[in-house]
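Undergrad: Construct the complete structure from the given sequences, taking the supplied hints into account.
Chain order of the listed sequences is A, B, C, D, E, F, G, H, I and J. The first sequence runs contiguously to residue 440 in the numbering used here. The second sequence runs contiguously to residue 440 in the numbering used here. The third sequence runs contiguously to residue 440 in the numbering used here. The fourth sequence runs contiguously to residue 440 in the numbering used here. The fifth sequence runs contiguously to residue 440 in the numbering used here. The sixth sequence runs contiguously to residue 440 in the numbering used here. The seventh sequence runs contiguously to residue 440 in the numbering used here. The eighth sequence runs contiguously to residue 440 in the numbering used here. The ninth sequence runs contiguously to residue 440 in the numbering used here. The tenth sequence runs contiguously to residue 440 in the numbering used here.
Derived by calculation from the structure, the hints in this document are not laboratory data. Everything numeric in this text was worked out from a predicted model, so none of it was measured.
Listed next, the in silico BS3-like pairs over lysine-lysine satisfying Cα-Cα at most 25 Å (straight line): (1) D:Lys390 to E:Lys390; (2) B:Lys390 to C:Lys390; (3) J:Lys390 to H:Lys390; (4) F:Lys390 to I:Lys390.
10 protein chains.
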Amino acid sequence: MEFLVRFETHLPDSVDDAERKRLRDAERARAMELRQDGLLKRLWRVPGRRAVVGLWEAPDATALHDALASLPQFPWMDVTVEALATHPQEA
Amino acid sequence: MEFLVRFETHLPDSVDDAERKRLRDAERARAMELRQDGLLKRLWRVPGRRAVVGLWEAPDATALHDALASLPQFPWMDVTVEALATHPQEA
Amino acid sequence: MEFLVRFETHLPDSVDDAERKRLRDAERARAMELRQDGLLKRLWRVPGRRAVVGLWEAPDATALHDALASLPQFPWMDVTVEALATHPQEA
Amino acid sequence: MEFLVRFETHLPDSVDDAERKRLRDAERARAMELRQDGLLKRLWRVPGRRAVVGLWEAPDATALHDALASLPQFPWMDVTVEALATHPQEA
Amino acid sequence: MEFLVRFETHLPDSVDDAERKRLRDAERARAMELRQDGLLKRLWRVPGRRAVVGLWEAPDATALHDALASLPQFPWMDVTVEALATHPQEA
Amino acid sequence: MEFLVRFETHLPDSVDDAERKRLRDAERARAMELRQDGLLKRLWRVPGRRAVVGLWEAPDATALHDALASLPQFPWMDVTVEALATHPQEA
Amino acid sequence: MEFLVRFETHLPDSVDDAERKRLRDAERARAMELRQDGLLKRLWRVPGRRAVVGLWEAPDATALHDALASLPQFPWMDVTVEALATHPQEA
Amino acid sequence: MEFLVRFETHLPDSVDDAERKRLRDAERARAMELRQDGLLKRLWRVPGRRAVVGLWEAPDATALHDALASLPQFPWMDVTVEALATHPQEA
Amino acid sequence: MEFLVRFETHLPDSVDDAERKRLRDAERARAMELRQDGLLKRLWRVPGRRAVVGLWEAPDATALHDALASLPQFPWMDVTVEALATHPQEA
Amino acid sequence: MEFLVRFETHLPDSVDDAERKRLRDAERARAMELRQDGLLKRLWRVPGRRAVVGLWEAPDATALHDALASLPQFPWMDVTVEALATHPQEA
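TA: Written out as structure tokens, the structure is:
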């Protein structure tokens, strides 16, 4: 089942530059794993914002939540999830 | 996977009383079938409105859509769907 | 009478990890008591968020408020309550 | 238990003046009965609008819904209900 | 003239427990005076929130503002005011 | 007491041109009376819209409602009212 | 350049069943052409609604508009378009 | 003074094709005049919608309203106007 | 040209009482100058809030912005501006 | 392709006056470069706010994002982007 997931990340000012870099690298590494596992299928940037739209595939919303919560920046992400149904033209 | 589904039904004025009754009876009959099939688990009325909140269970959003679209009043229903994840306290 | 209750919890950054763990354990323990007392009937996680949707049963809104306010994380919870009426199909 | 109920009534253009008068008289008569039964406690007009705010008392949301649905203009009313808890200063 | 007033109070974290208690006691005392003066007629708690809905009576919006601003927690209250007209059924 | 009143008028398509003209003339005549009575103090047009913002003065919201309801186009007006308090700089 | 396009189609009641079928067939045929031309890349159904989310690719917003306007149901579609930027992980 | 003006036009179904064409031609002709008079400076189409965003210049909001109201489709346009100030980088 | 300007001022907690008083006095003094210059015509308080609604007159939005930005509390004001056109009844 | 870009900049209180001035100068210098490169075409100030509306031209949303992200104040800007299509009157 596919989901459209939108999130925007705001690290607090108290996170210093070294930690920011470490978090971003870890985020990218974890995202790569989720791509290899087939959970994360596409990712787009919302122009002008620290926000992304992603196309995810997971057996259900619980598995999707676990995948999202495994991202290192998850504690600072504001996430909204939209469940998608298959369109008859693609069935 | 469970879904919280909210819908409000507004039959157009052109539907006469006999057709209204027929539609409501058919709606109830179809809802009973969906309960027996385990898709529709609970239904509440939003007080003061022609709206209901329901707890549904379906393998995915496509199966949920098909169940909703099988309701006789579906063409006149405004529906919103929220995907639910299992809470760790209930896992 | 049943209520649909939605809440999202944001502990401030000043709460350290030990206190966070203590609060979560206390929250879970209190939730278990509220389940045993029949006030808390179901709990779902909103995927991607630190938010839950719950089905509660209480004699009235005052008793519901007292139950919610007894949760250890209540001071940091943003709560919305929706009163539910019995659906004729379930009466 | 008390509820704050807000509704706005829009009779369709197809309702002629005689029927409008009949509906308003019936509405007033039914409201009087609901006051005598203790369900309807106060009613205010929202200035400039065909809308009212009311203070209602009912055992639960189901009884409140039945009272609202007994109003002759209910099919043309857009209603929102807010459950109220007792304030400690009034307990 | 009556007003429906809704407010939610959020004391900042920098206010310590003793000051919180002092503020709440002062708030209650001032509210009692406003009741005795006939300005504050009813108060309800919004279930699950640190918010109240109140029914106030004042000669005009200026007198209402002065009454609200006399509450000790006013600097931390987010307030919205709705002017109410008399309903013909109560005139 | 002063009120800021915003309204937008949409006559239905079924009102023919002669009736439209009659309604607009009657509206203007009634507005002039309300100005002479001191209820209507200023009127502005919202650019690009069939909407106006007005400054009204009335003893209370009930008197304001009666003034607004006396306008011939009132049945087709969508009205919102905001109660204004005197600013200390103008007291 | 990719765009996320959301639309919901509401044919008016005056469109009879034969015309509805003709429109849907034509819509599907045109969508197939747009897929073959590489403009329409994916399509999902929003569960419970007569709405779809689509991933489109076009040189710019003008070409996207022309593609959308070429759909036979375009006059009855409510469309929102979101421009997407390439995410660095996919560059 | 410049204004950003957004409008969306919805001709009612009762307007037949000949009248639609006549209105569109008249609209375009009037827009050309407004361009020549320097009131209408730029016009963009919102992709996927029957909506446009325009950059207008007028001495004040009254002159802008008169220009907008002179468009033949004005009775069916939903218009919002935003006043713009000169940016210091362009002064 | 007239503008309806709404603003709400929230000084940060770090501003001490002496500075608050100094800012309020300076604000009032500057407002008086703007009244004398004919830019600020009326000011109302929104009951229950640290917000005001004002009627301003300025040659254009740039001059209005400069007037607003000259207020000592401007850095902490959240401002919205609505351009007003002359109503034909007042022309 | 043109874009309408709206942003509002809020530097945190921790940024001192010297740094503020340095950031504003660097912002202006970078904006000038973007104008010379043809990316930034017009800029307006939203009256009363620390916000600007800009007309930008870029090959696609990715290039637009890179241009916006090159602004020195980008980390503190809240940005929304609207893709614009060419209007037939200007084609």
